[in-house]
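K.L.:
The lines below spell out each chain.
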Amino acid sequence: METTVAEITHLKKSFGSNDVLKDISFKIDQGENLAILGKSGSGKSVLIKCLVGLIEPDEGKVILLGEDISELDNEGLNLLRKKIGFLFQSAALYDSMTVGENLAFPLRDLKSKPKEEIDTLVMEALENVGLADAIHKMPAELSGGMRKRVGLARTLILKPEIILYDEPTTGLDPITSREISQLIVDIQKKYNTASIIITHDIECVRITANRMIIIKDGESVAEGTYEELSKSKDEWVNSFFK
Amino acid sequence: MPTNPNITDNKLEKALPLSENNYLKSIKGFFEEVTLLTKFTIRFFKEVVKPPYEFNELTKQSYLIGYKSFPLVAITGFIMGLVLTIQSRPTLAQFGAESWLPAMVAVSIIREIGPVITALIFAGKVGSGIGAELASMKVTEQIDAMEVSGINPFKYLVVTRVLSATLMLPVLVIVADVISLYGAYIGVNLKGDVNFHLFFVKVFEKLTFMDVFPALIKTFFFGFIIALISCYKGYNSNKGTVGVGQSANAAVVYASLMIFIIDMIAVQITSLFIK
Numbered sequence: 001m002e003t004t005v006a007e008i009t010h011l012k013k014s015f016g017s018n019d020v021l022k023d024i025s026f027k028i029d030q031g032e033n034l035a036i037l038g039k040s041g042s043g044k045s046v047l048i049k050c051l052v053g054l055i056e057p058d059e060g061k062v063i064l065l066g067e068d069i070s071e072l073d074n075e076g077l078n079l080l081r082k083k084i085g086f087l088f089q090s091a092a093l094y095d096s097m098t099v100g101e102n103l104a105f106p107l108r109d110l111k112s113k114p115k116e117e118i119d120t121l122v123m124e125a126l127e128n129v130g131l132a133d134a135i136h137k138m139p140a141e142l143s144g145g146m147r148k149r150v151g152l153a154r155t156l157i158l159k160p161e162i163i164l165y166d167e168p169t170t171g172l173d174p175i176t177s178r179e180i181s182q183l184i185v186d187i188q189k190k191y192n193t194a195s196i197i198i199t200h201d202i203e204c205v206r207i208t209a210n211r212m213i214i215i216k217d218g219e220s221v222a223e224g225t226y227e228e229l230s231k232s233k234d235e236w237v238n239s240f241f242k
Numbered sequence: 001m002p003t004n005p006n007i008t009d010n011k012l013e014k015a016l017p018l019s020e021n022n023y024l025k026s027i028k029g030f031f032e033e034v035t036l037l038t039k040f041t042i043r044f045f046k047e048v049v050k051p052p053y054e055f056n057e058l059t060k061q062s063y064l065i066g067y068k069s070f071p072l073v074a075i076t077g078f079i080m081g082l083v084l085t086i087q088s089r090p091t092l093a094q095f096g097a098e099s100w101l102p103a104m105v106a107v108s109i110i111r112e113i114g115p116v117i118t119a120l121i122f123a124g125k126v127g128s129g130i131g132a133e134l135a136s137m138k139v140t141e142q143i144d145a146m147e148v149s150g151i152n153p154f155k156y157l158v159v160t161r162v163l164s165a166t167l168m169l170p171v172l173v174i175v176a177d178v179i180s181l182y183g184a185y186i187g188v189n190l191k192g193d194v195n196f197h198l199f200f201v202k203v204f205e206k207l208t209f210m211d212v213f214p215a216l217i218k219t220f221f222f223g224f225i226i227a228l229i230s231c232y233k234g235y236n237s238n239k240g241t242v243g244v245g246q247s248a249n250a251a252v253v254y255a256s257l258m259i260f261i262i263d264m265i266a267v268q269i270t271s272l273f274i275k
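Each protein sequence line maps, in turn, to chains B and V.
Taking our numbering, the leading residue of the first sequence gets 1, the next gets one more, and so forth.
Taking our numbering, the leading residue of the second sequence gets 1, the next gets one more, and so forth.
Isolated chain V (complex conformation):
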């Protein structure tokens, strides 16, 4: 590969200033961030049990976070089921196992694809929204205004959003799973002829409690971590209008990463109980 003779090792070092000092700064920054997020989480658990409770705001946020996300989740769920079925059919056909298609797609959707894809969509829509909203409230002093009015902004803004997301994501995942299975039914019938009743008999023949239950439980954790990280990023935004974009972006990136980490842990725990 031809190299540019003008770029010497020295110049490259200056262009990419990854000195030991910078590594130390990054590591220190990482641990500072983890400490602050831990304090934020502890504050959430303290505030969530302490009255007064913000039921009206909780209902409003559940409507905005849950109900308003329904169309997006429904469309992606349907496409997810349809595409997975179409893509899986040729491989199963090679082994003469086309009759396994409904069961295989159902287990994939319920156990893994439904919760993870829905959580990622949720992080993109709701996480970025919360991050940007709280950051802009911070920048325009609306959070300070709440505080000087004698109202606890953490309880009003953070607790309600985190609780709503924790409760709404599992509902959305159930909706996405059901619509996704319907998409799979359409996918099966594109090149075959399986009636609605037979399709779902085949699906529920193979699905067990241990497929559904752990998958549903992990969605509570997904919802919690998405909203918590988004609130943390928005609530602590401090770089003016630039910070609003950065908070929204960071909320989605870190929440998405945490979804995969929680999923990995959940799979490990589940595998202890399923032989």
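This is chain B alone, in the form it adopts within the complex:
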């Protein structure tokens, strides 16, 4: 039986007079990859930040893993966040730490774990993204694609149940973009995670998504599989596939 891991209902967010999210609702099941496609400035990044409580929505509900995030206190939110991975557009690696330290950082609260076990987890996460030899490098020494991979490894280290990807292929060349997209699929298969992929890269959607939602000016305008939406008669929806 499919289990719903995230349910977003009637989400609204405005900044001053600018209505960024007008009415967004969707569900996602365990092991499903959902892509949210839209042009730059359509509210995708605001949406994904609302999901983890980095931005507080004005209206609507966000239920992740059965918990309504608006009802959680700081401690409860932090506990929930440990079950959710977030890959930032810029990878957001900590500049002052090595790759290995970046990966070990989210594990620092697990003081019961011995150092050897943490080292093993770090190495395993880096091997998953094919960067085991970069463990002692500083983020500044890495290319854009490598940074994304390390960011993904850091996201994976806490074995999240849901992973949120904010523009995972932006700024990468087509070959590296495909590699990252394939990695997202591999992670889905290996860990049976649910993923929400925010992107404007249709090729990334084709490779990774089981289902997709297209948003325009903060509203959901189309929902379906890649094949279904690629045959859409709507000119605007169709423009993404050209």
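Among the hints, erroneous ones may be present.
Stated by the list, open to error - Straight-line C-alpha distance at most 27 angstroms; calculated DSS-like pairs for lysine-lysine:
no., chain 1, residue 1, chain 2, residue 2
1, V, K60, B, K113
2, V, K239, V, K25
3, V, K155, B, K82
4, B, K113, B, K190
5, V, K50, B, K113
6, V, K155, B, K159
7, B, K137, V, K68
8, V, K155, B, K115
To be verified - Where chain B lies over chain V, by a calculated footprint (3+ residues, C-beta under 8 angstroms):
no., region
9, 134-143
10, 147-161
Unchecked claim - Example chain B residues on the side facing chain V (calculated, C-beta under 10 angstroms, incomplete):
no., residue
11, K49
12, F88
13, L93
No wet-lab data here; the hints were simulated from the structure.
Just so you know, even glycine gets a beta-carbon here, dropped at the ideal spot from N, CA and C.
Using the hints, position chain V against chain B.
P.N.:
Coordinates of chain V only, in the frame set by chain B:
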């Protein structure tokens, strides 16, 4: 003075748009900033007592903020003592009071010049560093990344830096004072002949507990306010890469201003106890 005939009063008004509206906006902005800084300070005091404690990061920051500032503080301290002695000698010589030189320089350094100059140097080096570092972390979403990992970035980044600066500045001021007195000893001996023992006997003859204690206490406040303002400016930076420079700049400017304000208050309080 010749005036440019092209600049009429009207044009000047447009060039310097200091309308009533702008004054109101500035005043409103000032009070908003003070409110946010107060909230930031209250959050610091709430977080500082709440476990878990970041001892490793506190040690690391103390090393970076304290130990790494030592050479700069030592050099400026030495020059401060030497120059003050050289500059003071002619005036004292006019009154035949050259023998007062060690005591006068020592009181000046310990009470006022040592703490204030060291705090200003500290604000320039450490304050700008903290402001720029936190602002760039904010811009590159590293602070958000910490938050979504379930780690409290305020506790990890702000509390540790403010505590380190509060504890390290007094140590640096003591170091600067000692090196500065050595600089003064060299300065005295450039045109005179006073041995090391006699110089320090003269220094400690005039120095009292009330010269040293209040001066040391105020350095804790200097360290606290420098780091707090720098963290506040960096943590709340929101104008992209431009904001990084602005945060570093604002951190130094406001921290330096606050050093003088705290110093003025400290002198007033001290004067209540010293007749």
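K.L.:
Take the hints in turn and mark each one as holding or not.
P.N.:
How the hints compare with the structure:
no. : hint                : verdict
1   : K60(V) <-> K113(B)  : 22 angstroms, holds
2   : K239(V) <-> K25(V)  : 19 angstroms, holds
3   : K155(V) <-> K82(B)  : 17 angstroms, holds
4   : K113(B) <-> K190(B) : 24 angstroms, holds
5   : K50(V) <-> K113(B)  : 23 angstroms, holds
6   : K155(V) <-> K159(B) : 25 angstroms, holds
7   : K137(B) <-> K68(V)  : 24 angstroms, holds
8   : K155(V) <-> K115(B) : 23 angstroms, holds
9   : 134-143             : holds (count 5)
10  : 147-161             : holds (count 6)
11  : K49                 : 8 angstroms, holds
12  : F88                 : 5 angstroms, holds
13  : L93                 : 8 angstroms, holds
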